[in-house]
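Protein sequence lines correspond, in order, to chains A and B. If you count the first sequence from 1, you need to add 140 to reach this note's numbering. If you count the second sequence from 1, you need to add 140 to reach this note's numbering.
Be aware that one or more of the hints could be misleading.
If several chains are the same, the list does not tell them apart, and a pair holds so long as it fits within one copy or across any two.
Dumping the calculated EDC-like pairs for lysine to aspartate or glutamate here, alpha-carbon to alpha-carbon at most 20 Å [to be verified]:
#: 1; residue 1: Lys545; residue 2: Glu231
#: 2; residue 1: Lys235; residue 2: Asp223
#: 3; residue 1: Lys500; residue 2: Asp288
#: 4; residue 1: Lys266; residue 2: Asp226
Think of the hints as simulated: they come from the structure by calculation, not from any bench.
2 protein chains.
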Amino acid sequence: MPEKLSGNMLIAQGGGPTAVINSSLVGAVKQAKKYSNIKNIYGSLNGVNGIINENIVDLSGETDGNLDRISRAPASALLSTRDKADEEYCEKIFKVLKAHNIRFFFYIGGNDSSDTLRIVKEFETKEDYKIITVHIPKTVDNDLVLNDHTPGYPSAARFVAEAFVGLDLDNRSLPGVYIAVVMGRHAGFLTAASALARRYTDDGPHLIYLPERKFSEDNFVKDVQENYNRYGRCVIAVSEGIQDESGRLIAAKLTKNIEKDAHGNIQLSGSGSLADALSEHIKDNTDIGRVRSDTFGYLQRSFRTCVSKVDRKEAFEVGRKAVYYAADKNQSGSVTINRVGDYSVEYKLVELEKVAGKTKVMPDEFINDAGNNITEKFVKYLRPMLGADFVSGAARIRAEKIVKKL
Amino acid sequence: MPEKLSGNMLIAQGGGPTAVINSSLVGAVKQAKKYSNIKNIYGSLNGVNGIINENIVDLSGETDGNLDRISRAPASALLSTRDKADEEYCEKIFKVLKAHNIRFFFYIGGNDSSDTLRIVKEFETKEDYKIITVHIPKTVDNDLVLNDHTPGYPSAARFVAEAFVGLDLDNRSLPGVYIAVVMGRHAGFLTAASALARRYTDDGPHLIYLPERKFSEDNFVKDVQENYNRYGRCVIAVSEGIQDESGRLIAAKLTKNIEKDAHGNIQLSGSGSLADALSEHIKDNTDIGRVRSDTFGYLQRSFRTCVSKVDRKEAFEVGRKAVYYAADKNQSGSVTINRVGDYSVEYKLVELEKVAGKTKVMPDEFINDAGNNITEKFVKYLRPMLGADFVSGAARIRAEKIVKKL
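Generate the whole structure from the sequences, applying the supplied hints.
Here it is in structure tokens:
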């Protein structure tokens, strides 16, 4: 048996934060303390950006008490970055890792993070320095391939479902059309979670529009009018990433100032323009008086009072597993979550390139034929992830009407 | 001692729902079951609108189990209305009440509801029919006079505080300018609640703009730039009701399509335009790259996972007290909450006309001199209402930076 690699470890958090990304951080740090071949436990501030600038902290001395508190805090305790690391960037990363005798490098993030680790790992031969790189999955979009689901998604999904419970009851109290725009550029998983709000058959959301299906403004008006006629109201969940027949983002079509991020993507979150535009479209094309809209924005990935316990536990576990594969097995790769029971999961390590740069979207079996709602299969898929304490909908008054006298 | 009034009771819910308005409903219904002079317990659907249309249900048979579940559901279980009842409308109400032998009429709502009860009560002599009308306070805006605070406000305030905990950590992870628009047309209490998110001195929100102080777009840019220079980021809470020097709503100034509600008020909620406009203003007048904004919208009054236990209990109590005053004391009026300890409250009945049509705003001692933040006195005022389980901010990593090698 070859000798185990020995040296320091470095962990970093990248991309959009989630409500449980710190559980993965703490899971990894606590697990690392168990291995004698892991010396110092370092954390990089602001993701890969902190590596190339050597903004690195020594986490070895953090007390268990403080680690536990941090594991319950939303967002990235080590701070994050939107930097996308290319070859040149990754070479800089490698030189810093080598200079600090870092042999185990963990990056908590989406598929970009997995790609960064893949490129960094490739400098091993050139630099004649052995290194283990392990990707710890995270994304509220739930769009990583080879994963049943991804840490961060169940809590964001629970926020969306909890939000729609309240918003649907609010709309029932004061009826009209209500539209809420949910995060998810390419994958509709988070928007679809709104369906878990329903208890009674007339509960909203009555319509759900996903980026996996083309969005037609005309059909939208028809759908809304039809539901409004049936229920006297209509509650709608819309993904920020909906596109028209030609693949053009509805948000881009209807918004005047288009901003692009460092990855060249059109900025979708942090603006209410899509919701407002869809509202205007309904006002302009129907006689419905009360039309309101909201955009959930950054709330859905940072809200701390409806974190799924299942999600928190799994986030912790993928952090622990990553360190186990690295320190005990000397294996690089991406930790994945696989569903093996109803409900139970197993963790497996897959090659970094199998996850890097790929995007998973909602399978067809989760979307209804009309493309404006989800199926019961999706409900069955999501429900256990929200935690046993999640309850759809709310109780209603059962009393019967009295006889009119006037 | 005069004989106690005896007959049926009717209860209704009006205006914007809250997360605890059903606690008041259930408090009143449960209390009513204790009085032999209250016969049937009726509920009107959609507030006063259900009265004039005789859409009335008999709540007498609701089980305690279902009532308990309803008390925990957000929004108005009896549904609501935006109808503003004038003299003619109130006369219709009176005739329906009389036809159904209703002697006790309870309306859960804001100052408009108190005014409705005042007008209805005035038809007693003309119609030669004795009636007791009691107003049960409710409003997320916290703007009822003669009340230390109003049921619904603490839970909405807790939502805002919880939201800013997560949003500030999110912004700390990926720094920039972040603006969130909070409900509150005339009173800044709900926007001010964002301050309770802070634990560390550099925690956001760094700026808080209230309708009680004139908003200057130039000072806004200066304030944001100053905080951005100091912290490398800036998180801002803005009330939807902010106005310029001439008293014009900033939302109206910057929005093209202005919608007015049944009360002639400009529609503020249900649109992200103010947040987007303030974002654009910062982008246009500074060199700051990342500027994002959200509008909390209807989430803040309907979210069920961060309801304040103090608020839920007080909402229940004001419902009970209203029935006590009506059935036991045969007194009409508005139930008010008075703070008598730190923290303890007492309930008193005041005349309807003292609450009707009046609006309370933030006292000067709660706002800083610059008009862009709140004072410690406000924190002391709000904290106990959020419940003992509310925690400001979140733990941080304490680890120190390692020495750079490259």
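Hints versus structure:
In this assembly of identical chains, Lys545 and Glu231 lie within 20 Å of each other by CA distance solely across copies; the values are 16 Å between and 83 Å within a copy. For the homomeric pair Lys235 and Asp223, the shortest alpha-carbon distance inside one copy (18 Å) is at most 20 Å, but the shortest distance between copies (69 Å) is not. When the C-alpha separation of Lys500 and Asp288 is checked against a cutoff of 20 Å, the pair qualifies only within one copy, where the shortest distance is 10 Å, while the shortest distance between copies is 52 Å. With identical chains, the CA atoms of Lys266 and Asp226 are at most 20 Å apart within one copy only, with a shortest distance of 17 Å there and 83 Å across copies.
Consistency note: the structure conflicts with none of the earlier hints.
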